[in-house]
Amino acid sequence: MVVGGLGQRPGMAKYQGEVQSLKLDDDSVIEGISDQVLVAVVVSFALIATLVYALFRNAHQNIHPENQELVRVLREQLQTEQDAPAAARQQFYADMYCPICLHQASFPVETNCGHLFCGTCIIAYWRYGSWLGAISCPICRQTVTLLLPVFGENDQSQDAVRLHQDINDYNRRFSGQPRSIMERIMDLPTLLRHAFREMFSVGGLFWMFRIRIILCLMGAFFYLISPLDFVPEALFGILGFLDDFFVIFLLLIYISIMYREVVTQRLNR
Numbered sequence: 001m002v003v004g005g006l007g008q009r010p011g012m013a014k015y016q017g018e019v020q021s022l023k024l025d026d027d028s029v030i031e032g033i034s035d036q037v038l039v040a041v042v043v044s045f046a047l048i049a050t051l052v053y054a055l056f057r058n059a060h061q062n063i064h065p066e067n068q069e070l071v072r073v074l075r076e077q078l079q080t081e082q083d084a085p086a087a088a089r090q091q092f093y094a095d096m097y098c099p100i101c102l103h104q105a106s107f108p109v110e111t112n113c114g115h116l117f118c119g120t121c122i123i124a125y126w127r128y129g130s131w132l133g134a135i136s137c138p139i140c141r142q143t144v145t146l147l148l149p150v151f152g153e154n155d156q157s158q159d160a161v162r163l164h165q166d167i168n169d170y171n172r173r174f175s176g177q178p179r180s181i182m183e184r185i186m187d188l189p190t191l192l193r194h195a196f197r198e199m200f201s202v203g204g205l206f207w208m209f210r211i212r213i214i215l216c217l218m219g220a221f222f223y224l225i226s227p228l229d230f231v232p233e234a235l236f237g238i239l240g241f242l243d244d245f246f247v248i249f250l251l252l253i254y255i256s257i258m259y260r261e262v263v264t265q266r267l268n269r
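In full-length UniProt numbering, the protein residues as written are 1 to 269.
Bear in mind the hints are in silico, worked out from the structure with no lab data behind them. There are no misleading hints in this set.
If you anchor each label on the Cβ, the simulated ranges turn out as follows: (1) G219 / V150: 29 to 35 Å; (2) A134 / Q165: 15 to 21 Å; (3) A134 / V247: 29 to 35 Å; (4) N168 / R210: 19 to 25 Å; (5) R197 / R173: 23 to 29 Å; (6) L132 / Q265: 23 to 29 Å; (7) V42 / F222: 24 to 30 Å; (8) Y223 / R197: 21 to 27 Å; (9) L217 / E261: 16 to 22 Å; (10) R141 / V247: 31 to 37 Å; (11) M199 / H103: 30 to 36 Å; (12) M208 / G129: 33 to 39 Å.
Quick reminder that beta carbons are idealized off the backbone N, C-alpha and C, glycines included.
Sequences and hints are given; from them, build the entire structure.
So this is what it looks like as structure tokens:
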């Protein structure tokens, strides 16, 4: 019995050593939860928070304090030049008011940062202001390099045609300005929304651009389901999905860049 006990002691000692080594290796921040899971949860919450901020930041429609004086002067100028009564203005959004004229949006135009104004108001804001280059958004102060008309292109009224000419003039001057990575990310929700809206509308984007968008989406889908990743899920667990989201994010930025180029090419026709 003694010999048997002595023979079992080395095995027990080895087993206890392995258990002790596992305890030493399991030095996660929160006991019982892997650090990989914690990192994945934190990154997921950060991405969700960024997305929510990008979608709802435009609900804030108050004029920036630095632009209030310019907007006040412009508002008085527009009120004196207003020929038609407010009830006769063409309205597109019953619950959307232009923060410049404080009326319902007439011939609405959306900036690349996602804020919506009357077309005549934002053009007057550009004309009357002492801008050396592209204007800054009256609300968020982001540089406005692209004006996107929301009203229909089939409207052939004199006001609509003149406004389209002014918008094209502005975009022709400033849409080609270099953009930083952060500015491209900030423009992403607005440009993607307009790109996909035109993609599924008759007479919107030309077919070559639609094919490029479809190829990008297919590439993102196949990369997501492919077992061949830069960071394999089999080795890194949940962290292996981060490169998938990163690749999809880069493809979305590429689609927004392509759409901006399409808008710029339209101006040169």
